[in-house]
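Engineer: Residue numbers (the numbering used here), protein chains in the order written: chain Y, 10 to 320; chain R, 206 to 413; chain F, 5 to 246; chain W, -11 to 268.
Careful: at least some of the hints might be erroneous.
[What the hints assert, rightly or not] Once the Cα atoms are required to be at most 20 Å apart in a straight line, the calculated PhoX-like pairs of lysine-lysine come out as:
no. : chain 1 : residue 1 : chain 2 : residue 2
1   : W       : Lys17     : W       : Lys61
2   : F       : Lys189    : Y       : Lys295
3   : Y       : Lys59     : Y       : Lys49
4   : W       : Lys116    : W       : Lys106
5   : Y       : Lys205    : F       : Lys210
6   : Y       : Lys45     : Y       : Lys59
7   : F       : Lys69     : F       : Lys92
8   : Y       : Lys284    : F       : Lys189
9   : R       : Lys343    : R       : Lys399
Calculated from the structure, these hints are not laboratory results.
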Amino acid sequence: MADIVNVGMNLDAFSQAINAIQALRSSVTRVFDSLKDGMKNKETLEVREKGFISEFQDNLQAVNRDVNELERLSTLVGRPSESHPLHNSGLLSLDPVQDKTPLYSQLLQAYKWSNKLQFHAGLASSLLNQQSLKRSANQMGASAKRRPKVQPSTLVLPPQYVDDVISRIGRMFPEMTIELFRPNGTSAVLLVTLGKVLKAIVVMRSLFIDRTIVRGFHEDVYSEDGKLDIWSKSNYQVFQKVTDHATTALLHYQLPQMPDVVVRSFMTWLRSYIKLFQTPCQRCGKFLQEGLPPTWRDFRTLEAFHDTCRQ
Amino acid sequence: MEAPPVTVMPVTGGAINMMEYLLQGSVLDQALESLLHRLRGLCDNMEPETFADHEMVHLLKGQQGQPFLLRARHSLSSPTDPWHLRYLGQPEVGDKSRHALVRNCVDVATSQSLPDFLNEMGFRMDHEFVAKGHIFRKGSMKVVVSKLWRVLVPGNTENTEPLSLSYLVELSVLAPAGQDNVSEDMRSFAEQLKPLVHLEKIDPKKHT
Amino acid sequence: MSRCRDGIRTVLRRALKVPWRFNRRWWVRRTCVCSVCQVPVLEGKSVQQTVDMLHRQLEQLGAMKQGSFWVDCETYHTTGTASGQPSKLLYVMHNSEAPLSCTALFEGGPCLMADGNFDVLMVKLKSHFQNAKGHKVESRGARYRYCDFLVKLGTVTMNSSARGISVEVEYCACVVPGDCWNLIKEFIQSFLGPNVPELPSVFATKAEGLFVPADAVDTMTQYLELFGKVRKQQVLQGASVR
Amino acid sequence: MREHGRGQREEKQLEAATESLISRVAHLKNALQSFIYKLEHEYERLTWPSVLDNFALLSGQLNTINKLLKNEKTPSFRNQVIIPLLLSPDRDEDLAKLTEQRVPVFSHEIVPDHLRTKPDPEVEEQEKQVNAEAARIGPDVAQKQIQTLNKLCSNLLEKLNNPREDRDSENAAMRQNKQSFNPADTNALVAAVGFGKNLSNTMQTKCRPPGPVAPGHPGQGPMMTGGPTLQQVTIGGTPSHQGAIGGPVAPQQPGQPGKMPSNIKTNIKSASASMHPYNR
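Only chain Y is shown next, with the shape it has when bound in the complex:
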């Protein structure tokens, strides 16, 4: 209450201070106006310069005077009270017409959310930095140990480097042919043909795999206008399932610091589908379940399982 009274007593000072600010503003404007207009048309150059300089000095003095006045008034106004947790915005709670301007409650809500977000972000960042290789692993326990922040520079690798990495990976697997396209700008799209089994379209952002879609070997990968069709899903349930699993694998293999390792491990995993139709399930020993062959490949052992036969 005391604050409010205090504020009320200083109201005069406030209005004076506001006036002083206005005066200061106009005098500063005058300075720039005169500078902008330049020298007036006088008889000789000397007269002109003299007139200009004296005018400029006058203006500056006026500014100086106004600043002094403002400083004097600001001491009268006094410091804003710091007793309220939300500083002066706390004064909003005094607004008697809460229903019309629910600013204060909204403000509180916003603070709460912001705090929560910061807290969760902090937790997440510490967890992620600790478990950088396996994003889906569910080990809990925050650690105070912090790693240096991941630089976003890996997003802007030169296309030449990406080409190199991809061609190196292509050479690693003879039964896999990788074609690289750049349909829009620098982002690469890979068309991976695995034996005579499947074709996978891998959309990259720099060296990060953004999206992947798997289709049958004999399905069209080009749309009617001759462009790579990166959207429509396979007509066959097997490959729809494999697409789902491949998307899971994208989330599993994560190592922001070494994106090339990620691409390589994803390709190694994808390569295990070369025997998609030939390998029976490692658990039930059968080829088919619900009409589908074992579509799941373990991320570490690359063993084949039916979707329902894995853990």
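For chain Y, the structure is supplied; the task is to place chains R, F and W on it using the hints.
Structural biologist: Only chains R, F and W this time, still in chain Y's reference frame:
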């Protein structure tokens, strides 16, 4: 209209009685450009289409001594295209009221195994040639301007020599039997090509 | 003199009635692995009863009925071949999966995929190739889909009498017979029981081996084999379909 | 009375002249209307001659009107004065009807436009200037300018006309001298696509059409030494492409035997194949 043959079998696809109406002529090499220019103006607006085809004519000899002739054609410029198998019947040239040569015609699109298959059927290749040229269309009419090349070494379409210093010009329409009015259209179109080319109803028999 | 010496003229490259540009790959429409086999009629049952039973089995498995299918085969034999040449048989087959195409085959010899006009051509060729009407065999029946499998259960008829049952199983997702044969076998087992066919000889005898993509001709070859077996077989007693 | 009579006669003359003028103008108007209608609605079918006809009609009618005005019997309209007696801002139905709804009101606004006998002051001023300009140039200078312009025009016309002549003569020359096709070639080509004449590997009639000889066969004529000279003569002597006169054709070898070994083989085959459909 012709009466259908007595032993008509149920045919599952295709049209039985398609007739080809044909006018032929030729143009000297030096006048080719003028002809193409005129055709571009007269014909439907389409992108200029050229072709290079290899045609093999196959014969099947029966006991009655009536050899049966089939033509197998394939594109040299796009080898993955289907082959084209064509049967042509006896031409009807005698009818003066018609302005074009008329004959029965069956076109079949086939896979690339056609030569082997014809061989197995008992057909033997009689002769072959390479035709390179241009195609134009106007409505249902088709104009083919092509140069014929003799194949010097059998089967080798690289080694050829031109047959003459002229281009063959053919104007044809494929229509169901009995639609003789198409020959009227063809005649008026042929008129527009004069005096560059005289397209006529030529009875090949006369030239043997 | 001969009919061919009269004005047979060059083939115009693409007659207008034939599509101006053929679809480049129309005869390799689907290239999935497929197996066609004959199912013996159950003891004491008619063809129709056995087929009904198989329908129930498939529906129990969860297969969805998707229309019907037919495959037919006409037989032509050469007439007037020069002396000493044995008369050859030419088969022309149609399949509802590719209703605008037909397949012409010699037994064990080359085969040709062609469009429907080939039938017209055979009419023109009747002086050299005669249609053996009594030999027309066809298989008609229902088409089922189960996941990526396509099952066609047909009654094989010749001269309107039922001669047997054909089962075609196609695994649409795979193109290499050697890859998915075991998988197909397991599937056939699940509704046909233990009498599972062996790997079709079309695949086994291919010069290029088991690992080249299958094509539509392979399916037709299998049907041809099956029809050949049926033709030789005696008419089943009391099994005619009305 | 006499005065009065003359006034009456003049009045009658004036009336008659006005009547006929009105009817002529009505004719002209109709002709214009129909022409405009044709231009707007039938321009697709309108031929140039009919456009010219229309113009001729219009100019004829204008001429008659001019004649009428210059006629001695026509009183000088110039001497008549029209004074607007009553101006009214209200709609005048009669006037509207008379003018086909073009002038519904006889008001201050439109009277100066409709009863004007002189051009606008600005236009008058411009005309004066032009006249002054014309007067300033002496008749000699004007004559010179006219001559120059005429010369330019005739030059231009000549230039426009000449190429047409050139082109025509070119066309005519082509029609007369340069044939764009050769009937013999036509026959040869038709025979070739029809049944492989001159094409086939088995049939070597080798008769050439009288037209241009295809390149690539230098070994014709004098280079022949020994061998089937008789056939050689036949080839040279046969005026047309009718090479195969009767019977299966004996092997005819236009080139040196060593040059085209593949042909020899096939020739022998063709000679024995009397069944061949193309050989009589």
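Engineer: Name the hints, by number, that the structure is in violation of.
Structural biologist: Violated hints (numbers, rising): 1, 7; every other hint is consistent with the structure.
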